[in-house]
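4 protein chains.
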Amino acid sequence: MSNQKPLNVGLVGYGFMGRTHSNAYGKVNQFFDLDRRPVLKAVCGRNESNVKAFAERWGYQSTETDWHKLLSRSDIDLVDIATPNDSHAEIAIAAAKAGKMVMCEKPLGRNPAEATRMVAAVENARTPNMVWYNYRRVPAVTLAKQIIDEGRLGKIFHYRAKFLQDWTISKDLPQGGAGLWRLDASVSGSGVTGDLLAHCIDTAIWLNGPIQSVTGATETFIKERHHNLSGKIERVTIDDASAFLARFDNGALATFEATRYARGHKALYTLEINGENASIFWDLHDLHRLRYFDHRDEGRLRGWRSLLITDGDHPYMKHWWVPGLQIGYEHTFIHQVADFLEGLRTGQAAAPTFRDALATDLVTDAVLRSAKSGRWETVGRG
Amino acid sequence: MSNQKPLNVGLVGYGFMGRTHSNAYGKVNQFFDLDRRPVLKAVCGRNESNVKAFAERWGYQSTETDWHKLLSRSDIDLVDIATPNDSHAEIAIAAAKAGKMVMCEKPLGRNPAEATRMVAAVENARTPNMVWYNYRRVPAVTLAKQIIDEGRLGKIFHYRAKFLQDWTISKDLPQGGAGLWRLDASVSGSGVTGDLLAHCIDTAIWLNGPIQSVTGATETFIKERHHNLSGKIERVTIDDASAFLARFDNGALATFEATRYARGHKALYTLEINGENASIFWDLHDLHRLRYFDHRDEGRLRGWRSLLITDGDHPYMKHWWVPGLQIGYEHTFIHQVADFLEGLRTGQAAAPTFRDALATDLVTDAVLRSAKSGRWETVGRG
Amino acid sequence: MSNQKPLNVGLVGYGFMGRTHSNAYGKVNQFFDLDRRPVLKAVCGRNESNVKAFAERWGYQSTETDWHKLLSRSDIDLVDIATPNDSHAEIAIAAAKAGKMVMCEKPLGRNPAEATRMVAAVENARTPNMVWYNYRRVPAVTLAKQIIDEGRLGKIFHYRAKFLQDWTISKDLPQGGAGLWRLDASVSGSGVTGDLLAHCIDTAIWLNGPIQSVTGATETFIKERHHNLSGKIERVTIDDASAFLARFDNGALATFEATRYARGHKALYTLEINGENASIFWDLHDLHRLRYFDHRDEGRLRGWRSLLITDGDHPYMKHWWVPGLQIGYEHTFIHQVADFLEGLRTGQAAAPTFRDALATDLVTDAVLRSAKSGRWETVGRG
Amino acid sequence: MSNQKPLNVGLVGYGFMGRTHSNAYGKVNQFFDLDRRPVLKAVCGRNESNVKAFAERWGYQSTETDWHKLLSRSDIDLVDIATPNDSHAEIAIAAAKAGKMVMCEKPLGRNPAEATRMVAAVENARTPNMVWYNYRRVPAVTLAKQIIDEGRLGKIFHYRAKFLQDWTISKDLPQGGAGLWRLDASVSGSGVTGDLLAHCIDTAIWLNGPIQSVTGATETFIKERHHNLSGKIERVTIDDASAFLARFDNGALATFEATRYARGHKALYTLEINGENASIFWDLHDLHRLRYFDHRDEGRLRGWRSLLITDGDHPYMKHWWVPGLQIGYEHTFIHQVADFLEGLRTGQAAAPTFRDALATDLVTDAVLRSAKSGRWETVGRG
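Residue numbers (the numbering used here), protein chains in the order written: chain A, 1 to 382; chain B, 1 to 382; chain C, 1 to 382; chain D, 1 to 382.
Just so you know, the hints here were simulated from the structure itself, not pulled from any lab data.
Among the hints, a few may not be true.
Since the list gives no way to pick out one identical chain from another, each pair is judged satisfied if it fits inside one copy or across any two copies.
[As the list claims (entries may be wrong)] Keeping only pairs whose Cα atoms sit at most 30 Å apart, straight-line, the calculated DSSO-like set for lysine-lysine is:
1) 171 - 155
2) 97 - 372
3) 41 - 97
4) 171 - 145
5) 52 - 5
6) 318 - 372
7) 232 - 155
8) 266 - 223
9) 155 - 372
10) 145 - 372
Please model the entire structure based on the sequences and the hints provided.
This is the structure in structure tokens:
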């Protein structure tokens, strides 16, 4: 292991996502055998005392309060962007120009225009890049991908996904500022469409191919909220809920829905695919289970199988404990770092790249356009 | 019981639904104390030997092969229509004109025009009438209605329903004729929209009020099938799958979906309602369970409650066995007859009446219109 | 159907079980094609007005208030005993001597001595006989039997069953008399051992063969209750809870438990069998599901299958509705009558016979003996 | 954080448990605010190259190949024993004598004699000590303890636990040596009784108080296996399966079972408690769920609540992510280290101490004695 080549990481942003990424960099070499080792060189944030405390807790060797400075450092190989959405494009484009590898939180941009420029930047710089759509790397979801790639489902008729939360139902919840920027569209780009549906769409395109067209509806249930930055009651600019019907290139008819007003659900991301021969269902609240129905099973004994994805031959699981013992949310980030590092070794970029993530932004854009036009909208191709 | 006044029933049609209705008439007085007793006077069907065999098995006192004759009989109080959809309107209108009470299988008509004429007929005749949307009377669904009427959910944000089957996936399945008329739109009116979504819509309007507008999509996965009546390969005229987004009068945003191409699901009718204070979920495959989440429960101990609806204080259940013991599909029809008879006694018509069922036809019509127009369509008001 | 030979039934007892049996006799020919048709000749009970009301509701042609008289009637073919346990032996033995076919509610006797005499009576009389262990004929349980008989499980390591209720937790519940004789051991023989464990044991022997030895424990949580017949507070004589470990002839190690003090469970009868190659799990509260795990499934895709037992190729289900639609508790009794009638035709007695039911009484007896001795007790062989 | 006082850890053993402990020491200060920080001073194992590789991977500053040497080092505060069971006693007693804090993997000893000496050693040395019964610190299990301590269950009638695995069914699996010492009783003390039932018993005593007496049965399904150390076929000395009935001091009647022959289950540890007012159920395969039934809920709306234990007010969860997002198996060890460190600060020893773990060894001993004697055995009091 002493032969592992360091990969010097500079993290921008130290909020919720900063923690998940830092944890991933710290754990990955203990559980995966890799030829690279992330080294936590620097973390960057505007509040100096906060960023120093974060650095000490997570073991970063230094801190910065200006991301331009971080990008100018020659001891940084990878710039990891874990800031609110409104700075993704600027930082990512600058990082690419500075010749850094770039990882970016999702959604890639606040809109396809931003995302398109970000793709151009990393592709022009020919630098490794990746977007943190972490749910692809829940072992059960990765197994779903393998099952599909093996052709077990046959022709696909239906795709169905939803992401249900209930944390913004209270009228007293303010919008804006730290922790609540997701409720301010000027920062986030949109509400649940870009925050939650984006996850559903990323997985869907990965598992079921391109989405052709959509018809959608959004709703903002609570129209005004106190804004933490202005200190005033302001109009809520995000979508609280968003649903759409879609047609995939492969002919599948789909339904998608996300909301933060589904009382009783915390992070209920579910997906289902119905094929001619077999179907798959997965649920983030029961993340180690993959439900699989195979019509080719003997008739009387056909049924949805509840696969407990903890065995050594399941994706990623040989790196963890023993059959029956579970991992959690944070591990998806560790898997992503492992795959990114492995991609550097093999030269085969690990997905989703910026270009992959642009495809998701193009779908969320079509959804938001349709919600305004009241018509089916064609999804742009990046 | 000897004091029970007879209600003379004439059944038209002796297929799958003829069995469920006959069973209901035969059982209702053994489990419910009522002042009326259905008497199986006559069953009518075109094939004489088949209809006689049916009559013998179920205890009908006589048979007819022409429904006009049945309607002309003075010993018939109630005409019950269990035929394919293309004869609902003609028989129901004639029965109402003949002064009979009328019960009719769902959907009411093949389209709103037929249904509107049927409503006019029974209302002009001022005769008791009802449509067999049986799922309202699954005890768990009836309890859901009670919970909602008690105001426990608060403002409603979301309604979500689907009805998934998989029985028409094979290309070798023919269309048309006995048992397969549901695949021929000239008989059925539409495919899953009128057959399955109609159930979802009836329950939804009952639980959550009128639907204002919809945007939908339909799909016919298999374009041609052998037609049993013509003996030729013919274009498939029905929708195999149908999905729509909806807005309710109460502001809720909804998703609906039905298909016969969801591999692994037999009759998976599920519904969920998310309110400000509480949510409800139900599933036909687990029909005795109602899932209920109440946000007013103490914080650490909040969770979805799995209510096993078999206690004496649950709707209908005191008439059956003891707590923990289940009833099934057929009992919903028995409950409907019991409520119809009780409605005769009290003068309060049991729902859904023809007028209630017209409301459902108006929604399915808007869905089919939207699937063609690609736009949101306003639901007609009957 | 007019060719069906009548089978004249005389029912003794018109309580909860009287209803389930009467319902079964009335429905069986509507759903099963059989060469015999039960005719409800007479019902017998001590309270004349009650028994007349019951007869009218269920369609019995006559009533008796003395069972001896019923047995002496030449127009009765089958005597069906649905009385409390303390009269099973006397009536059954007399009925056999009178040359009647005999069906009897479970448990067969209050103890092996009674049961042994009952077996002798029917075997000496060479008359058809059966005991109403109805849970064998839940379609999912019958399928379990088929799966086992096909050898799919391999060598059996474990059997696990429990039957949990919670209806006697209140100290205010009295014992004795109508509806509560199950709490008086002089009538019932024992508490949950004979009432609930007997069901578990009957299924277990059917599915897994003879039980060799047991070690058990019983508990009476509430020591005294008001007795409805004496009008006094009296010592409770039954076991409120009963658990035992067992060894089967086939080498399986087993656990069994029943109680009426498991808060939250109404009639939670569950059973599980673990074999070398496959396992099975079933639960009465979800009675249409059979869970099946087959280790021979491809490794990554192995999982417990949730079989929804509603298809036409599942036991009994072709007689009912269509796939996905459920039946309930009462149907197990209809299945039992159908099989009994079919057994008359073929000459192959349908199980469980009195002799089969004696085997269960011998196990419950060993459990009760062990609960007193504190040692393993060998199960008697009848 | 720079003020955190170091706690110098010396780990003995670097197998499966060595990994879980090392991970816990490394993560605890990133997620918990504590005044102590574990420092990975040394890891000890007999194979020098292996132990060095482990040290490098996990960040230990040094290695030892003789545990006596580790104990003699003045720079070690805490000796953590993660070796096979046959060296627990010797190392722990020596460590206590050397004045070290001691943590030890479960079960404490191979038998009560060993465990008793270990308790004496740490108590004589008055040194902090703890045993790694990690499942107490699954957040859902900790919440169960809180619910019980709040008196919500009322008088307890039943306790029910099982731990089912299926990894030793193959006859070709050898026994003995690295990774398989659990199949050799001379090393492990016993089979599933000490390995799996010990977990169930530790939790049970914690949640429900002392166990008074037991009657048990064990089984060794495969009698002979190749032994990896001797190279010969040898008699299998462990119990493959173990089940027992128990009576608690509080009057509850209990069933316990563990096996490695339950086809289809990987690590299915389940527990249920039935009280007069409420019941609790938990399952390791669905570890974030606590099922809770409260009879005081309004009648019609009573049901088992499925609590998703991911909220900030649930035990330990505020240290992790956001509601709905899960943690896994390894986190229970992190929680245990956090509580141990917090115990050092407050002077209130975190449980389970060696003395607590002795109580479990006394129950497993009584189970094994009963399995031989065929009688109820009284549980010794330490």
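Outcome of the hint check:
no.: 1; hint: 171 - 155; verdict: between (45 Å within a copy, 13 Å between copies)
no.: 2; hint: 97 - 372; verdict: neither (36 Å within a copy, 49 Å between copies)
no.: 3; hint: 41 - 97; verdict: within (20 Å within a copy, 43 Å between copies)
no.: 4; hint: 171 - 145; verdict: between (40 Å within a copy, 27 Å between copies)
no.: 5; hint: 52 - 5; verdict: both (26 Å within a copy, 19 Å between copies)
no.: 6; hint: 318 - 372; verdict: neither (48 Å within a copy, 39 Å between copies)
no.: 7; hint: 232 - 155; verdict: between (53 Å within a copy, 26 Å between copies)
no.: 8; hint: 266 - 223; verdict: within (22 Å within a copy, 41 Å between copies)
no.: 9; hint: 155 - 372; verdict: between (33 Å within a copy, 25 Å between copies)
no.: 10; hint: 145 - 372; verdict: neither (33 Å within a copy, 34 Å between copies)
In summary, the structure is inconsistent with hints 2, 6, 10 from the numbered list given earlier, while agreeing with the others.
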